[in-house]
Amino acid sequence: MKQFKTKTLISICTMFILGSTLSNHAFAAKGSPENGFNNCPQAVNVQVNGLVCDFCARALEKVFSKKEEVQSIKVDLDKGLVKVKFNQDQSLNQTVLTELITDSGYNVVDFLPGCSDG
Amino acid sequence: MKKLSITFLLLLFIVASHSRPVSYPGGWTVMQTNELGNHNLHIHYSPSAKYSIGYRGELMDQSDIKFHTFQFNRLVKRWNKPQEQANFYWKSGIGVFTSNATNNNQFGVFTGFAADWETRRYFTSYENRYFYLNNKHKEFTQKARIGIAPYIGNYGDLHTWLMLQVENTPQNPDNFVVTPLLRFFKGPVMIETGYSDNDEFLFNFIYRL
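These protein sequence lines map, in sequence, to chains A and B. Residue 1 is where the first sequence starts when you use the numbering used here, and the numbers rise one by one after that. Residue 1001 is where the second sequence starts when you use the numbering used here, and the numbers rise one by one after that.
Honestly, the hints are just simulated from the structure, not real lab data. Just to be clear, a hint being listed does not mean it is correct.
As the list claims (entries may be wrong) - Calculated lysine to aspartate or glutamate pairs in the DMTMM-like style (CA-CA distance at most 25 Å, straight line):
id, chain 1, residue 1, chain 2, residue 2
1, B, 1186, A, 89
2, B, 1050, A, 89
3, B, 1077, A, 110
4, B, 1081, A, 99
5, B, 1077, A, 99
6, B, 1050, A, 110
7, B, 1186, A, 103
8, A, 85, B, 1157
9, A, 74, A, 89
10, A, 83, B, 1084
11, B, 1081, A, 89
12, A, 62, B, 1084
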């Protein structure tokens, strides 16, 4: 009975340690600076709806310039794209990018790799 | 006939104001406008992309009223489409009004809505305001604009618009005033200049910090 209890306790502890390790790993992956493009982590092109006015699109520059991960952004009104370049070894994940663009007053349609001139 | 056509235009282009009253989170905007005997300065701060708060100082030549108000602007709804955008705003203010005629200070309020629709080529807008000081001083104004860009500039270029503004103030003798105007913007600066059919200059300046 005592041996059974010890085995159960060891199993529970092992599961707990394994579980917390896996969840830490998963959290790190979620929180890591991933833009969703492993072959192009340094730039992303975001397809945006509502990008018609240069004067209003200045908001994007202002909002993105507050993020230390961002090296530069370029707005392409013709293609409805926001081209974001990140600093060395830095990036922003798609959730953060979506939030920044929504805060600027636009809607995200799609994310495209930014290394080609999408 | 002229009035009918203008009313039709007003109804047809039930959309946008000349300057967006809400900016990006943390953004400041300075607007200085001079049109049809009204001179006003509006400085607002946007804590979020949904609303802004600010100061409006206005001098109304015709009714000889000056006012200093706290203004609240709310973006009620925005529609973003691939090549177009539309907005609907609610604006209101409360503050102190002074008139040289009465030489005393009174509290007053105003409220109104503004809407706009634009592509990179076409622009339409509509806005109105109901201003109430007391039973003697109350005023409703509305204006509509249509615009066309003679060329399509990309981001960072100098953008030019040709616009036509129709303003209606039912209680004024010239209750319909038509103003052709030019709008230019580059970077954070927007300038508008025009001349109305009742011989008034229009000059508006907007700077986004």
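Hint by hint, here is what the structure shows:
1. B/1186 / A/89: violated (34 Å)
2. B/1050 / A/89: violated (34 Å)
3. B/1077 / A/110: Within the cut-off at roughly 22 Å; holds.
4. B/1081 / A/99: holds (18 Å)
5. B/1077 / A/99: holds (18 Å)
6. B/1050 / A/110: holds (23 Å)
7. B/1186 / A/103: holds (22 Å)
8. A/85 / B/1157: OK: residue 85 of chain A and residue 1157 of chain B at ~21 Å, within 25 Å.
9. A/74 / A/89: This hinted pair holds, its Cα atoms lying about 20 Å apart.
10. A/83 / B/1084: holds (20 Å)
11. B/1081 / A/89: Not OK: residue 1081 of chain B and residue 89 of chain A at ~34 Å, beyond 25 Å, violated.
12. A/62 / B/1084: The given pair, whose Cα atoms are some 22 Å apart, holds under the 25 Å limit.
The structure fails to meet hints 1, 2 and 11 from the earlier list, while all remaining hints are met.
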